[in-house]
Amino acid sequence: MMHNQNFSRRDFLRTTGAAGAAALLGQGTVQAVVEPAQPLKATADAVIVLWMAGGQAATETWDMKKYTPFERGMEAKAVYSTFRAIPTTLEGLRISEGMPHIAKVMHLGTLIKTFKAGDLGFILHSRHQYHWHTGYVPPQTVAAPHIGAVISRTLGPRHPDVPAFIDIGQRSAGGEDFEVKAFQTAGFLGTAYGPFLVPEPAQAIYTVQPPPGMSRKRFEERRQLYLKTLQARRAAKGLDPKEEEFLKSIEGAHRLLNSPAAKAFDLTLEPKESYNIYNTGRFGLGCLLARRLVEAGARFIEVTTEYVPFLGWDTHENGHSRLVEMMKQIDAPIAQLVKDLEARKLLSRTLIVIASEFSRDMLTEGKPENPVKDQVQVPERVTEEKFYGMHRHFTGAGGVVLFGGGIKRGSVYGETANERPFVTTKNPVTISNLHASIYRTLGIPADLSYETESRPFYVTEDGKGKAIDALFG
Amino acid sequence: MISPRTLSLACLGSLLVLGAVQADTPRKSWDTFRASQRAEVASLPKPPQPPPGEGSALDRFLAAYWKKQGYTPPAPVDERTFARRVYFDVIGLPPTPQQLQGFLADRSPDKRAKLVDRLLAEKEAYAEHWMTYWNDLLRNDEQTNIDGLRKPVTTWLYPALLENRPLDQMVFELLNPGPNGPDGYLKGVNWRGRVNASQTPPIQAAQNVGQVFLASALKCASCHNSFINKRKLAEAYGLASFFTPQNLEIHRCDKPTGVKAAPVFLFPDLGTVDPKADLNTRRQAVATMVTRPRNPRFARAMVNRLWKRLLGEGILEPADDFDSVTLESPLLDWLAYDFMAHDYNAKHMLRTILLSRIYQLPVPPANPKKKTPLLGPTERRLTSEQYLDAVAQLTGYWPGGPAMQVRVANPHMRTWRHKKPDALTTALGRPNREQVCTERSQESTVLQALELVNGRTLAERLQAGAKTLLASELGRQENGDEVARVLYLRALGRIPTAEEVALVKPLLGTPKEKNRQEGWEDVLWVLVNNPEFQFVR
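Top to bottom, those sequences are chains D and F.
Just so we're aligned: 174 in my numbering is position 174 of the first sequence, and the numbers increase by one with no gaps anywhere.
Just so we're aligned: 1134 in my numbering is position 134 of the second sequence, and the numbers increase by one with no gaps anywhere.
Isolated chain F, as found in the complex (with noise of 0.2 Å):
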């Protein structure tokens, strides 16, 4: 079990290792930082290793759990239901019915892993999916900049995303940028004028901070003690000192106490920092301390973090608060230990819970009265970029965005995701990140459904979307089985039943028959909200 108590003062050294170290320093710099955190790994403890028994570590210890629980797991899902989700999770679009085919004709045992590995080596796909989720936990969006008080950082996300960098350095990156890195980042969401001393941009940074890469809800403390969990408004304070030149003055409940903050982390015997240190000095100190591997938190944060993408629920909840419970589990740590000895990379740990058991598992059935953690996936609702992307691919019509900052591989594809909300997207969840999102909304509601059944922005990609398909050899192929076949196959990764087929094959006609595109709209309106299509299951 790795816990603060644990750590030694010992790895203080290393601070001044890592001291060298600047966002924007050279590939040789960047191997400094790499040699210097994997020493850094092979001192700590090792962690908790799995009961004995079959499969991955990880199936091992839920294995046991599930015992313990007197819980014995189903049959993992099918084929086609475990290539929609490892579709939608990694690269955020379904499978085509040609990728599906070739998985299913595919006879090697190891199948599910070929498909993992195929899709995390796509890496545009992969960037486009996941900037995304990135977007939502830094808030970045390209938006409008008033006298320069804010600033994307995607010009620097996306390369980040396609070229896999390790998550400790995108971090360092976001919490030391120099002249060159993603300073927009610390700068915060800023509105011209006076602010709240709670939420300065050091503060935002501290609470940002706090909540994402750690796992400490800071925001309560940031104006008072929590009573949500047991940091204190210094604690706060003493983070947010990282981010500012100056020693901060603490204000309660935005009232000045007289008395100054120096720079001291949540995990004070990570590291020390001089209270007279300039920014520059400051910003490297909290960058080495969050991310470094001595710190328990950062990578079990973010594990949990991508376990509950991939799952629905944290292995530990609430996953932006780790300070606001007791709860211990070898299988984070074990998990964190790993993603750490394997550099910290995103995808090897995607890639372990992607081939976990558990992931593999049916959706348990929902029983509200007592709810047991960790029984397999939840159903998770499309983000409003997947289902788009999935409406896109189903009908083979791309709306154009205006050019984003970076460019991506396929610029007719989904540059539309970097678009500013509107109030189909709105509807459907995507925020509007004045503050970090780190899960997207799950319900249905009437609003929403008015966007779906009436409003303007999807009607009108299926109208192009239905005249798009009927210029494709689909809409000259004239059997109206192999048509129905083909829609279900793209929209819901199934061949749908004769009954299914009888009812649409009317409305698809015959490519002899003129004003089909009513026709065409009309399933296709039929197929995108079937509950099916809208959620991953």
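Excised from the complex, chain D in its bound form (with noise of 0.2 Å):
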């Protein structure tokens, strides 16, 4: 059951049947048809979020201080950020070196400085990402939702043929794999509202075809022998409602797997140029498979860089030239993009979210006002090159880029010390607030809340996220 005065479940039901319906049409996306009694106006369709799993440094990618250069022997202290700043199309803002193409598509969306993650207590990535993901903070008595399943749930496929919450590049989380499956889930909603998960973007064709080594003409053939073999029991007896219900799902695994929208799962069918600008690895045909996915009509999408501990973004050592490489994973495929779906008139109604469970530091971990345990030993004195860089977990101020779906092109929201700690000195951002904003995009209330075990559960947490404003164009 679905609880919202502004917003009822009829008003969703209008929605998605007229998404269904104009998607038969073949007409291009569709906005939600919201008429509550204070509309909450929908700028987006669709969402892309970018996982930069691990704790994106934000001082070596987005919020960049003075740079300081590797000298051997120099103080932690001293170690600013160890990239060059350089200029981006929009004026004043500087990010890093290490994304040249990115700094060219700042003008079409929204950076924050700000975002403050969780006071989780002690750190474990996989705890926060679950806080990021589903805006609660584990454990938790029921099995809360991601973002994408309340999404799925509330706003239903865009394109029927498309599933409505795709997960793209997370295959096995090692040592913390439980965790992150505790969160990339549909949780209490049910396991309809997804995720369909494509671990593989070079081979997520394969998750829309016949089985390895079966031919279209044999999996047609299997799916008509089926058929077959039910029709003289059904013409005699008829199935009973759950069975129809359980054929009906596997009609509707064939018709998506044989609808023309699948093809968008296939990267062979990109034009060679475009496929190499993107192919930087599984994160950058993980972009490319999105942007095929929102022009074909999905609902939600989650590229992530993959979190295994210690991999990644997740640098406890070799900060530096970790990041070096871990730029060049993302640069061009996110530029890429974004410049695709502008020139695809996607843009603006396609939000795009580059985000991290929360940033890293030379000396901090948690926060200055609350510190946590140490897990990164960092010497006083940076005497060997594998100690330069961000290496504590730091959740005092991190960085969120926005792009579309209704979010101010060209804008920065907060603002952070220049001064170690590089704390939010304005405007701090939550993830209940940043899921609000979200949600708003897609027209959903931040108090909207499904029913559990008798009790409502809300999109943010208790009901009580606050769109910021000062992020909508």
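Worth double-checking, as some hints may not be accurate.
Derived coverage of chain F by chain D (criterion: at least 3 residues anywhere in the stretch with Cβ under 8 Å from a Cβ of chain D; other residues may be distant) [unchecked claim]:
1) 1213 to 1222
2) 1388 to 1398
3) 1494 to 1505
Just some of the chain D residues that point at chain F, by a computed CB distance under 7 Å [stated by the list, open to error]:
4) F122
5) L124
6) R127
7) T141
8) K181
9) A192
10) F196
11) P210
12) P211
13) R222
14) Q224
15) L227
16) S249
17) I250
18) S454
19) P456
No lab work stands behind these hints, which were simulated from the structure alone.
Note that the coordinates shown come from a computational prediction; the quantities given were computed from them, not determined experimentally.
Don't be surprised by glycine CBs; every beta carbon is placed ideally from N, CA and C.
Mind docking these for me? Both chains are given alone in their own frames, and the hints should help you get the complex.
Structure below.
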């Protein structure tokens, strides 16, 4: 059951119905049609979250501080940014030299410098990731749904043949696999609401093709055989409602696999030139897949750089050299994704969110006012290059970049200190308010709730998230 | 009718006797425990007696109820349907054609009882199947253990089910594990770092004990006075205080109130404990109060759970929260008393239900408008574990798995059940067990169907399965009709129609032909996705 005074279930049925019909008619994207007493006008139809898994250091990427080149034996506290800042197409904003392509699209987006991750005590990546993705801190009494599942449940698919919630790029999270799976789920909303998992973007086509080694012809013959074997019994006494529901699901899967929309999963259909720009590895191809899926009618997509403890953005040492590689991975594909959507006139109705569970710093673990137990040894002097970089987990301020979907073009929100600790000095952003802002682009109120175990569960914690007006154009 | 109101305070004396029992104490102490439990049962008022009539007490209660509803139950299901039901319910596997044939050929009038008894006696198969249910209830998983904050109870649970340990003893051990018992249960689910006051390990213990063993939903009341039942914040903290050495400060919505809680049981007239008592004394006290016969909730909640597992809906619903309903059920009271009188023997209760008339009725036609409860079993989707076991039994291909913490009798068989969830098992409803799961999802969804239609895991199992079958005696069988007959019998427990044989025979081919692999794979796929395969009816 869904509760919100301004937002009835009927409105949603109408929304979904309209979307489905329009899609059948071959029209383009469809706006959410919600007409509550005080309308929340949707400014986006689709969301792409680009997940910087493992804790992306803001001061090395989006929120540059003084450049301090490596000198053997330099004091750790003297290390600010280990990358130079370069100008961007947004006047006055400089970002890391590691992202020259993204620097050229910043005029299309809004940079939030002041995302303050939750104070969860001891750092545990998967726990902060759970918090970011559900808005709730685990453990929880009920299985909290991923933001993508909430959107899938609330708005339904944008195109009937494209799963509403698609999660790209996460394979196993090794030692924290159970924990990652705990939020990579629709939770109590039920498995109908996703996620549709595409762990290997390069092999995405296999997720919507007959099993390996099976031709389309054989696949169709198998389906025909299946239906024929059921026909006799269906004709004789009919299937009961549960059996019919099951059969409908099997037919639904076949329809999806055979639909023209499934071609979006086939990256080999992408022109070579474009494919090459995106192909910086798994994440880059994930961005390409996301673009194709949004064009085909996806509702919510997450592409992750993939969380594996101590890999990716989770830099406990060699922070500088590792980030050179990480930025190479994300720079061209993200910039191209923004440009492609803009060129296709989809950016204005597609929200892109670049985010991470928290930032990193050389010295502070947690927040200055709320330090937590150190997990990384940082020597007082940087005697070797492997100590040069941001290795502690910092929750005092972090970067979030938003493009499209009704968000201001060319804007910076929030301010941080230029001297250590690099904390938020103006306009902090909590996960509840960030979620409320994302939901608002889709026309979903922050105090919408779904009932589980006889009580309401709100889409932002306790329904108290407040969308940040200043982000909207 | 047993109710907390009718209890006298005289029962407090037995607390002292039970106080000597520890979970890791030798058999003699459990004998003392049993003697004390029996004595207390004997002191209870007798339950309501069933109306006169034919059949078991259970049948007579329901016959009277049906008469009142103007309902004339249809004839029991045929023997094939019955066999498929009890095999899945007791050992989690469908009958093999030989087993089915043996049952059909049996001419004795008590053949159904004999079958149920034989299945209940299959200790390993029973334990392997019921592990799933108990893992869900206890949220036990062999998962990542970060900083020692979680601990599986698998090595305790499997032997307990293997020997059919009495449920009162099992729960007593869970709540008072001692140094060598299943202490992972009370550790709870912890992530590193600060935790909301309503999710500390003692509060988790109160919520889970309340929900699972006492049918009292306390999640709401762990934060503030409940608005879904009558439970108060102080009551949730009162129960939680048994699981911690310090008296907890009551937090309302994560804010301290300055008020200290003391250990007070949900049904205070079942006993008390000194607010200064140490942790062991507290745990012993709560273990006693939960499991003692004078606590009417425990036996009723557990009997209702077993009933629900077999029939799809509980005698009382919601099965997780009797506090929110004011329903009375002489049937449940009678069964609960019978359960206690049989030393909380789960297999005794399963047997009682499996041989009841209602269990043997056909699934009543769906009638969403006016839902009258207890007219027959509901149709149940196989759990992901039952489903994949049934696939393996059909083909003879049992995928290996990583070694689990306990050695099972057939290590090649069902160890995969203890692996962490994958895309297929998750889609089929295997929970990740961060929370208690008392009921698996029954829904059919497209995302789930995608796993069945083109998912790699199932495709690989069917490939290996077809290969295994082709290499077996069946693969050398020249008569295609016979091959189809065996496959249908194994998969669906029935002989195929002539039409079905005609449809699958061309794909099965004959041993002289090469490249039969694909045809057999496709026939297997058609069988394991037949709704008859997916559901227990």
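**Message:** Flag every earlier hint the structure violates by its number, smallest first.
**Reply:** Going through the list in order, the structure violates hints 2, 14, 15, 19 and respects the others.
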